[in-house]
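Student: Put the two chains together into one complex; each comes in its own frame, and the hints tell you how they fit.
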Amino acid sequence: MADAAQILTTADGRPLKAALAAAQGRAKRRAFLLVLPLLLFVLLTFLVPIAYMLMRSVEHDGFAASAPALVEWFDENPDFDPANPPEEAFAALVQDLARMQEERTTGIAGTRINYSVPGSISMFKKGAREAAGLEPPYKEALLAVDANFGRPALWRGMASASNAYTAEFYLVASDRKLTDAGWARGGDKERIYLYLFGKTFMISALITVICLLLAFPVAHLLATLPMSKAALLMILVLLPFWTSLLVRTTAWIVLLQEQGVVNNLLVGLGLLDDKGRLSMMYNMTGTVVAMTHVLLPFMILPLYSVMRVIPPSYARAARSLGATSWTTFRRVYLPQTLPGIAAGSLLVFILAVGYYITPALVGGADGQLISNLIQFHMSKSNWSLAAAIAAMLLAAILILYWIYDRLVGIDRLKFG
Amino acid sequence: MALPTYASPLERLWYYTYLTICVLIFLFLIAPILVVIPLSFNPDADFTLGAEFLDPATYSLRWYDTLLTLGHPATADAPRDDAWWSAVWERSTWVQAAKNSLWVGLWATILATTLGTIAALGLSRPEMPYRRLIMALLISPMIVPIIIIAVGMSFFYAKACVAPDSAMALIFGWMLSEKGCLANSHLGVIVAHAVLGIPFVIITVTATLSGFDQSLIRAAQSMGANPRTVFFKVIMPLILPGVISGALFAFVTSFDEVVAVLFIAGPDQQTIPRQMFNGIREAISPAILAVATILVVISVLLLATVEVLRRRSDRLRGVTGR
Numbered sequence: 000m001a002d003a004a005q006i007l008t009t010a011d012g013r014p015l016k017a018a019l020a021a022a023q024g025r026a027k028r029r030a031f032l033l034v035l036p037l038l039l040f041v042l043l044t045f046l047v048p049i050a051y052m053l054m055r056s057v058e059h060d061g062f063a064a065s066a067p068a069l070v071e072w073f074d075e076n077p078d079f080d081p082a083n084p085p086e087e088a089f090a091a092l093v094q095d096l097a098r099m100q101e102e103r104t105t106g107i108a109g110t111r112i113n114y115s116v117p118g119s120i121s122m123f124k125k126g127a128r129e130a131a132g133l134e135p136p137y138k139e140a141l142l143a144v145d146a147n148f149g150r151p152a153l154w155r156g157m158a159s160a161s162n163a164y165t166a167e168f169y170l171v172a173s174d175r176k177l178t179d180a181g182w183a184r185g186g187d188k189e190r191i192y193l194y195l196f197g198k199t200f201m202i203s204a205l206i207t208v209i210c211l212l213l214a215f216p217v218a219h220l221l222a223t224l225p226m227s228k229a230a231l232l233m234i235l236v237l238l239p240f241w242t243s244l245l246v247r248t249t250a251w252i253v254l255l256q257e258q259g260v261v262n263n264l265l266v267g268l269g270l271l272d273d274k275g276r277l278s279m280m281y282n283m284t285g286t287v288v289a290m291t292h293v294l295l296p297f298m299i300l301p302l303y304s305v306m307r308v309i310p311p312s313y314a315r316a317a318r319s320l321g322a323t324s325w326t327t328f329r330r331v332y333l334p335q336t337l338p339g340i341a342a343g344s345l346l347v348f349i350l351a352v353g354y355y356i357t358p359a360l361v362g363g364a365d366g367q368l369i370s371n372l373i374q375f376h377m378s379k380s381n382w383s384l385a386a387a388i389a390a391m392l393l394a395a396i397l398i399l400y401w402i403y404d405r406l407v408g409i410d411r412l413k414f415g
Numbered sequence: 000m001a002l003p004t005y006a007s008p009l010e011r012l013w014y015y016t017y018l019t020i021c022v023l024i025f026l027f028l029i030a031p032i033l034v035v036i037p038l039s040f041n042p043d044a045d046f047t048l049g050a051e052f053l054d055p056a057t058y059s060l061r062w063y064d065t066l067l068t069l070g071h072p073a074t075a076d077a078p079r080d081d082a083w084w085s086a087v088w089e090r091s092t093w094v095q096a097a098k099n100s101l102w103v104g105l106w107a108t109i110l111a112t113t114l115g116t117i118a119a120l121g122l123s124r125p126e127m128p129y130r131r132l133i134m135a136l137l138i139s140p141m142i143v144p145i146i147i148i149a150v151g152m153s154f155f156y157a158k159a160c161v162a163p164d165s166a167m168a169l170i171f172g173w174m175l176s177e178k179g180c181l182a183n184s185h186l187g188v189i190v191a192h193a194v195l196g197i198p199f200v201i202i203t204v205t206a207t208l209s210g211f212d213q214s215l216i217r218a219a220q221s222m223g224a225n226p227r228t229v230f231f232k233v234i235m236p237l238i239l240p241g242v243i244s245g246a247l248f249a250f251v252t253s254f255d256e257v258v259a260v261l262f263i264a265g266p267d268q269q270t271i272p273r274q275m276f277n278g279i280r281e282a283i284s285p286a287i288l289a290v291a292t293i294l295v296v297i298s299v300l301l302l303a304t305v306e307v308l309r310r311r312s313d314r315l316r317g318v319t320g321r
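Same order as they appear, the protein sequences are chains A and B. Sequential numbering of the first sequence, starting at 0, is according to numbering that gives the first Met the number 0. Sequential numbering of the second sequence, starting at 0, is according to numbering that gives the first Met the number 0.
Treat the hints with care, since some could be wrong.
Straight line, CA to CA, 35 Å or less: simulated DSBU-like cross-link-like pairs of lysine-lysine [to be verified]:
id: 1; chain 1: A; residue 1: Lys-379; chain 2: A; residue 2: Lys-124
id: 2; chain 1: B; residue 1: Lys-232; chain 2: A; residue 2: Lys-379
id: 3; chain 1: B; residue 1: Lys-158; chain 2: A; residue 2: Lys-176
id: 4; chain 1: A; residue 1: Lys-27; chain 2: B; residue 2: Lys-232
id: 5; chain 1: A; residue 1: Lys-379; chain 2: B; residue 2: Lys-178
id: 6; chain 1: A; residue 1: Lys-124; chain 2: A; residue 2: Lys-138
id: 7; chain 1: B; residue 1: Lys-98; chain 2: B; residue 2: Lys-158
id: 8; chain 1: B; residue 1: Lys-158; chain 2: A; residue 2: Lys-379
id: 9; chain 1: A; residue 1: Lys-125; chain 2: B; residue 2: Lys-232
id: 10; chain 1: A; residue 1: Lys-379; chain 2: A; residue 2: Lys-16
id: 11; chain 1: A; residue 1: Lys-27; chain 2: A; residue 2: Lys-176
id: 12; chain 1: A; residue 1: Lys-176; chain 2: A; residue 2: Lys-124
id: 13; chain 1: A; residue 1: Lys-124; chain 2: B; residue 2: Lys-178
id: 14; chain 1: A; residue 1: Lys-124; chain 2: B; residue 2: Lys-158
No lab work stands behind these hints, which were simulated from the structure alone.
Bound-form chain B, shown alone (with noise of 0.2 Å):
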């Protein structure tokens, strides 16, 4: 808003006051999310921002060095050599929590948004029945609370377990726990953070294809295109940019996730959220800060994926101005 030339002086003024709150509340948006990368690199274990973060040789990888070594069975000045990286990529605490997140996280937005994208394609048809009905649904995930969601699959999960030696241990028990149970399991673990993430797909999938030209499918069936021909060809690469920004919410929300993990998950389905709960319930190490700026720049990226994204799928779809 640019200020008016007749505006009185009054009118300055507050156009100024105006302007300096917007500026503070954009500095309590992202001042605490910046605060923790200087802290991370503070070699004491103490949070003061003092005068030596002007100096960038008090700056130390200290505790990200602990990152790797907690955990780990080696002594902190052993050599680093191959046999101490790959006691590293075995034992340490912190990566092993970190293949779990990415496993977990990966396997739950496969699932989520090949789901969410073939649902969202029916939804989007005008003659889907009860389209209201079933969005609320599909919603819901995102909006019941997550302590909710947790308590009903902790009760769920424990028992939805399969016979040992039937057909379905065969064929689904290696994804299970020992004793067969969805609970403290992998499986359990994945299609409880696939559910989190379908409301985020369903969401940019139908956005992206409510601007979507549906006469280019009759174009195309006219052509003699059969209808995998019109899905990889021409629905697809037009939808595919807010499929992607689809699939990276749900690896996000996975990836953030920790009330099911604890509720559901057992010792071997330590994710990176749930180390940092613990962590930040016990006594807050400057360690968890060094997450913290690991995951702040993570989110920078995709941050910036998603707005890449969304500005091709607005040029795609013709829509200007943005």
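Isolated chain A (complex conformation) (with noise of 0.2 Å):
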């Protein structure tokens, strides 16, 4: 009797804990609710086609599909030796060559190969060709048309690609291929991919470190001015935020070209010889620029921000007790603004590495990005490769994401 009396009871009598849990639930159901359409329409337009895209980054039944009978071979024989495929191997390699030649997939088939294997696409073409004639025994046939179809990369190749999902644009992405003997990394002048992420995340960090060293005394300033005066000179920093990439980049290719207006005024100053005209664009150095200029108020604004709630008085009190101004910065200043600095230099770093069309216009060719390589590779109908490109480029966004998260946490992302 002393327990029942115990518990608490709404006025029609149902368990006051119990009243209450279902209450909350009925609000989170209701707060759920209005976020459900926005969170169903984004899964469909925008994860989907990522998942999908991951997905292709994995598939690829070019050779699977049109290649049946060496696929049962490959079935049959798992452990086959790839330098020494027996004759039973050439003779389904002889009716699928025919067969893909009838229906018109050597390219496709081709292809697929060819990522692992570079130089499989003119064999496929040729051995197609010809496969309609051959005679057994199938072996010295085949071999007689082009020898390269007896290499053990060529069979280790097959038997891979005979499977629709691989993991094969992966390591080709991460500049592995496959030789004789197996996968293997490729020689110092093959390393294209990995070398480009690598110069992607340098020039990310340049790109940071010049915003950096640019938005701390523009932020510094705007940060201790007067506020009619600052929100003034916010519209400096903001008008280039709202201003279309495209309109900003077409700016730096018309200030810094070789007939540009930077170098004509240089000539026209005397300062350079016409000849000497420098080349500040289609380079690394128009990529830099231009990304520097499209990224700073991204810096600016976090840095700002944190800045302008630090008091004043904690420097006059350090440089009260004898601090000269140097050491008042560094000391107190300084530490105060690391929130601001690792916001700004996350957000700009995070966007840099992934950034396209200022590349794309002003890079040329040696100031391209790792997403104008995507963006080649699709061109070229690559779109496995350029999935797993992709994947690997998002896989090295979403750990970035995730420390912003930490770090700053992502609802503090503001604009002006």
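Tutor: If you want it as structure tokens, here you go:
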């Protein structure tokens, strides 16, 4: 009896705890229902496409679908010796090549093998043309068409491609290639993908540092000026932010190209010989300058919002206790701006790593970043490889995004 | 930062150096944008900023005229009568691009703002479950590189088709491409741009709602207002400035977006940025600078609107000091 008396109840006799839980559950559901339409929309138009892209990065049935006889043979003989495939394997290959010629799938199948064993397309085309007229023994006949049909690397590649699902594109995207002995790292000159990843990260880091160096004094000035003046100067920061990216890129081309404003001005002033015009556009310099300009507001705004709330009395206290102005800055002011530095740097770095438009337009040959390589492979219809590189970039971005959320918190993002 | 009276000469020197550096950085920010404006009135196709810019008599609207006449069938010196203007409206490449950009931008903005505002209302409630995770997901279109989004969309939207003669085709068919797919269609570009605009709507509206006094809702309810009245008479007027700035951000995002358009749009969805992108890739003509100047003017107007709205919103919420 004593227990029953202790349970608090609502006016209609339900236990208070249960009633509260029910009410909270209702409130939760109601809040969630408000978000649900957008969540579904984002799921369908954003998440599913990205998931589909990730699937494409591990799936390519170009060979598996057009070479049924070989697929069957590989299934039955998973432990065959790629250095010396038996006659039946060659028979299956010849049968498939003839079929490819009939169904016009040589290109698709050859392209698939070509990713891991370069040069396969032309070999497949040659083989397919001759396949119908070949007589047994097929091994000798096919090797007579092209001796490369006996290469262990090719047989490894075909065995791997006989499965539509593969991690090969990730291996290719990390500069591995299929040799006669199996997957191995390419030579120094062949390491294009990882090199470009490294270059993209280095350039992004460089741009982040330049942005920080440029943003720090400006944000400090804005934070310490009286409100009315700061608001006026803030417009100078926000206007580039609101101006079309293409407009800003165009502006930099006009300014920096060989016949551009800056070069014309320098030549006009006699500082530069007409033949000695500086090439500041369509190379790495162009990419770095234009991207710094584009990303600078993303550094200034978070720095400013942190600096604005730093009380000036701390610096005055340090000075009155005998610190020099440098010590005051280094020991008192700078540590308080660290949250802003972290927020701005991470944001700029994240945005820089995935940048596409500016390098594509002003980068020339050596100013291209990893995004441009993805676009290149898309334009060459190397979809799975493009998807694999994009997936690697996505993984890097998601890690950075996670760090950003841990350190800064995404709900701290603000504009203006 | 005013200079304190006890500053040493060295500190004074450093202070003025610092001011000079700041001025230079501001110049770096703003000069490239301003430089396109006089160049767009330059009748010659070279990019020299010479003495003639001090003389307005040499200014010419030649490149603005090119914008109207590119893709226009009539000769350049044809009389500018009604027929000429209607041909401009129907045929001019840049006018078509502007129409497409506005149409796509408008619908993407409506879609992003409506869905985003409703979601922000839910996200701002303290009882919202998985708030952090959902927020991270909804902001991610801004963080994930546009090239990755565009690649994913170009794969998926080419497959996202409705069967001909099906019920879906009857409802959505007119907005899709001829094959009934999202790729190469206006709807495809609109939803892609809506997704890209959503983070901005979420960020601005939740920021406005963060200062929102929840007791106002209870006050309205206690006086007998139903949920609809509460939303339209109490919540909406207070968050409207945030919603409008979010909408403007979403519109600008769409109006400036080129990568997704390059990947998923067809020839019928030629937008201004796409036209500019192609123009810059080939040989940069001063006509591009004329477009750029128009876009700068538009962004100045948008920035002014957003600033006015932000101040109004701060005043309404009782945030002072800015």
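Student: Each hint should be assessed against the structure and marked as holding or not.
Tutor: Checked hints:
1. About 19 Å separates the Cα atoms of Lys-379/A and Lys-124/A, which keeps this hinted pair within 35 Å; it holds.
2. Restraint check for Lys-232/B and Lys-379/A: the C-alpha separation of about 56 Å exceeds 35 Å, so the hint is violated.
3. Using a Cα cut-off of 35 Å, the hinted pair Lys-158/B and Lys-176/A holds, with the two alpha carbons roughly 31 Å apart.
4. In summary, the hint linking Lys-27/A to Lys-232/B is supported, as the alpha carbons are separated by about 24 Å, within the 35 Å threshold.
5. Distance restraint check for Lys-379/A and Lys-178/B: the Cα-Cα separation of roughly 23 Å lies within the 35 Å cut-off, and the hinted pair is therefore satisfied.
6. Between Lys-124/A and Lys-138/A the CA atoms are separated by roughly 17 Å; this keeps the pair inside 35 Å, and the hint holds.
7. Straight-line distance between C-alpha atoms of Lys-98/B and Lys-158/B comes to about 27 Å, which keeps the hinted pair within the 35 Å bound.
8. A hinted pair counts as satisfied when its Cα atoms are at most 35 Å apart, and Lys-158/B with Lys-379/A qualifies at roughly 19 Å.
9. For the given pair, Lys-125/A sits about 76 Å from Lys-232/B by alpha-carbon distance, which is inconsistent with the 35 Å threshold.
10. The suggested pairing of Lys-379/A with Lys-16/A is violated, with an alpha-carbon distance near 63 Å, which exceeds 35 Å.
11. Restraint check for Lys-27/A and Lys-176/A: not satisfied, since their Cα atoms lie roughly 53 Å apart, outside the 35 Å limit.
12. With a C-alpha separation of about 22 Å, the suggested pairing of Lys-176/A with Lys-124/A holds against the 35 Å cut-off.
13. As the CA atoms of Lys-124/A and Lys-178/B are separated by approximately 32 Å, the hinted pair is consistent with the 35 Å bound.
14. Between Lys-124/A and Lys-158/B, the direct Cα distance comes to roughly 29 Å. Compliance with the 35 Å bound is thereby established for this hinted pair.
Figure legend: structure checked against the earlier numbered hints; hints not met, in rising order: 2, 9, 10, 11.
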